[in-house]
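A.B. asks: Each chain, letter by letter, is given below.
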Amino acid sequence: MHEKTLTQLAAALKSGEFSSRELTAHYLQRIDKADGKLNSFISVTAEQALKQAEVADNARAAGKAGPLAGIPLALKDIFCTQGVKTSCGSKMLDNFIAPYNATVVEKLNAAGTISLGKTNMDEFAMGSSNESSYYGPVKNPWDLTAVPGGSSGGSAAAVAAGLVPAAMGTDTGGSIRQPAAFCGITGLKPTYGRVSRFGIIAYASSLDQAGPLARSAEDCAHLLGVIAGHDGRDSTSVARGVPDYVESLNAPLSGLKIGLPKEYFGDGLDPEVENAVREAVKVYESLGATVREVSLPHTHYAIPAYYVIAPAEASSNLSRYDGVRFGHRCDNPSDLIDLYKRSREEGFGEEVKRRILIGTHTLSEGFFDAYYTKAQQVRRLIRQDFLDAFEDVDVLMGPASPTPAFDLGAKKDPVSMYLQDIYTIAVNLAGIPGISVPAGFVGGRPVGLQILGTHFAEAQLLNVAHQFQQATDWHLQRPAFAEEYA
Amino acid sequence: MALEESHVRRAAHLARLAVSDDQASGFVDDLSRILDMVDQLQSLDTEGVMPLAHPLDATQRLRADEVTETNQRETFQRCAPAVENGLYLVPRVVE
Amino acid sequence: MQWETVIGLEVHVQLATRSKIFSGASTAFGAEPNTQACAVDLGLPGVLPVLNEQAVAMAVQFGLAVHADIAEVSVFDRKNYFYPDLPKGYQTSQMYHPIVGPGDVEITLEDGSSKRIRIHHAHLEEDAGKSLHEDFHGMTGIDLNRAGTPLLEIVSEPDMRNAKEAAAYLKAIHSIVTYLGISDGNMAEGSMRCDVNVSVRPKGQEAFGTRAEIKNVNSFRFVERAIAFEVERQIELIEDGGSVVQETRLFDPDRDETRSMRTKEEANDYRYFPCPDLLPVVLDQAYLDHLRGQLPELPADKRERFQNELGLSAYDANVISASRDMAEFFEAVHSECGDAKQAANWVQGELSGALNRESLSIANSPISARQLGELISRVLDNTINGKAAKEVFQALWNGQGESADEVIEAKGLKQVTDTGAIEAMINQVIADSPAQVAQYRDSEPEKRGKMIGYFVGQVMKASRGTANPQQVNGLLKEKLDALL
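Heads up: the protein sequence lines correspond to chains F, H and P, in order. By this note's numbering, the letter at position 392 of the first sequence is numbered 392, and the numbering carries on one by one without gaps. If you count the second sequence from 1, you need to add 486 to reach this note's numbering. If you count the third sequence from 1, you need to add 581 to reach this note's numbering.
Take the hints with a grain of salt, since some may be wrong.
[To be verified] To spell it out: a stretch of chain F is covered by chain H in this simulated footprint if at least three of its residues, at any positions, have a beta carbon under 8 Å from a beta carbon of chain H; those stretches are:
| no. | region |
| --- | --- |
| 1 | 89-101 |
| 2 | 163-169 |
| 3 | 231-245 |
| 4 | 337-347 |
| 5 | 351-363 |
| 6 | 410-418 |
| 7 | 441-451 |
These aren't lab readings, by the way, just hints derived from the structure by calculation. For glycine and all other residues, C-beta sits at the position ideal for the given N, C-alpha and C.
Kindly produce the complete structure, drawing on both the sequences and the hints.
C.D. replies: Okay, structure coming up:
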């Protein structure tokens, strides 16, 4: 069963090849066997999953099942799930049982999908390797000595290992696309505002966006159709119709204009990764697309701008973790200040503290204009780069990451870790959608091709990605781990 | 803009993070390197560029003034570390 | 040295919306702790704010009422600081682009003169919760019901020069917000709260002195008392060779003094930045025009109309227009009886006195405006005299009768104006009082005027108060003088 894509599983459930209960039990068994090695889940909700599966099977028997009813999924542990621990990868929330569901979770429940559990992640989504989790690092199923990427590393690893057909993640600076690339799966970050942020624990509110990680673009299209749409509970969610993302998957690509940003093929890019990406672009040419070089002149300022804006928002968003209403509280506080300072010192990990401190410092008196205002100005220039490029081309293509997955523990210095996100981060600053699709291997580790479109161009991105996957089989490759251990 | 330990201590206090002396010097190193990287921004001329706070040029939608929430105190306080008589407890606050 | 006081006020007005500014929880006052604090108000992980349209409309109405510029684009910012009554660790407020820009308010002083006080701006923000310091094993209890209640913070220019002006300004703001119906203005329940900025400078000096901000000044009376104390403190300090420190001070109404709030935090640095969870609020002209069309007649306009068209004194016009309820009650009484001065006298006199005695607001008056107007009509058309009118008032107040006419009828208070009947009573009184008549006759003519009071009293008594006093007076004088 686990060899099938989500789209194939939906068809099998519909035809009665197996029941959702059987399917769910199968994946739960795989998690049980293999996840000790991967550490991709923080919580597995087996009992609840089997109950949900039964409900889905009954709905199907009654002829009331939607297209995705009975499909098992996993949720990054950043999505609030009513009655289930929602830790955000942090000791701070190790005891937090969410009293409500995120809108994404509500929508998935309404579609009849099954949640197998909550996946591991970098603490508060701050990281690019999944090593900052309170629950320990996640391993890459292609190579257990490599990181799976982050911050949605648990979701990516679980899908790649066949422990779940697809999973939900969030992407603030590349946290869906980069782990998808490192794990050889397909990951979509939608346009900012396309998917409701309600109930998703905030990292950087003007950058965060949820999206699917799955085996194929087609799978992502199915899932995006479920989770996208306006939500009255999120002021930044966009009131705009949701197109049928599946319907447009097969549009031909002849005449498609592809831009290759020259800044995405410069210093620091692994030549073999570059090679894989250029080969992928050739496939598009063979499908009738035209290719030209474009420029995104402010690319180099994206990481600096991001590391002002995201920590600034985070420093404020994370102030609510004060040991008063929920979350970790230190023992025997001597006074109020002690309660705050020790609860937060004990509850947060190193990387989270670094970002809180950076954000607090750059927002403080005497530094605000030089850092925050400046970064916001640069943000406008970066967005304009993309808008200008999309005047000339339909989509942009490049690597999702400058290298394949690196070794666990390889990036000790925070700045060298941050530089990993050079190709993904500007996309969040601009709010545009992006997708990473498998495009080969370097040293046995997957390479991701990133495709970017203008605001609300998800249908086009999925179409472009799907056509590539019709012409190639990179996305069908599975790590040996998927059979050896599970 | 060089970062000094006093900056880190001040930020830690504003952010209510206990930081030991050992940790402080580590943070000074890390944060200095991060800010050195961030300082690349200063080389860019942004004169006259409007700051951008949101990636989309959208405006705030307004909610009808209706009471939609019911009392869920018991549920919400189940995850609270210290409550009594429906109140959240903190060490005594001196005005 | 001659000193001049400079005062500016920051008034926080709780807006009378049904739900909170960013959530659907109720804003009702007095609920059990934390029963009206929803996930958004508690700042639970993952929740998001959505702006209440009524809070925006109310802020705009206020702005229009004080002739202010309404911002086409206003922005919410986060004010970051830790405090247990502030669940998110930041207050959502408007620092850089407030919804209401510069405006002004006219205040009326006790001597009837008026002055224009400029408003710097007014912005929307969320209220905090409350800390309860009763002893929970040495702990403080936090109630977040109030967290997220919409506040309009109205910031004046430092245009006031004494405590009376400050109190008059606060009253003017109170009038405006209650007229607009955007707040109940209840200072005792904290619906309206006031911080006062006070400084002194030598008379004639242009530069401002260093100011102190006094918190917790939550009644009209306290404003005057707090300023009086603080001005004296500052002057004494400077005259003794010291200098005023810029600081926050707390007014203690029990000891009638202000004292330094031992700085909760060394130096505050609120790190304001635009709230990424909320988008810019954009208001168009059509929306503003729509709200402008719905504005009620405001206190200043009413005051002017009462003075110029109805002929009320400046004092009466000011007092009656200060509260919309009183002004509307007065207008209803006036339209019933047709006499503005009488209506004003009764509303301010008998009615206000009775309401005060029983601590009732005019909205809960046991006597309706129609009843009072009708009662005044009966005085004006001589159906009853003034003494009977008070009796009728009391009866209506006590619910003994539906209308003035009914009470007059039931109690037989109709004024006797029949000359024959009055003459008969006078004749009887004269016959029964030979000693007083003799005394009257023997008095100097100028003293007789006083002595006639005795006879009037006797006649009125005989008529059980229903005789027309003017008539009695005239006829008595005639009769007695005829005896000379």
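A.B. asks: Each hint: holds or not?
C.D. replies: Hint check:
no. : hint    : result
1   : 89-101  : holds (count 4)
2   : 163-169 : violated (count 0)
3   : 231-245 : holds (count 5)
4   : 337-347 : holds (count 8)
5   : 351-363 : holds (count 8)
6   : 410-418 : holds (count 4)
7   : 441-451 : violated (count 0)
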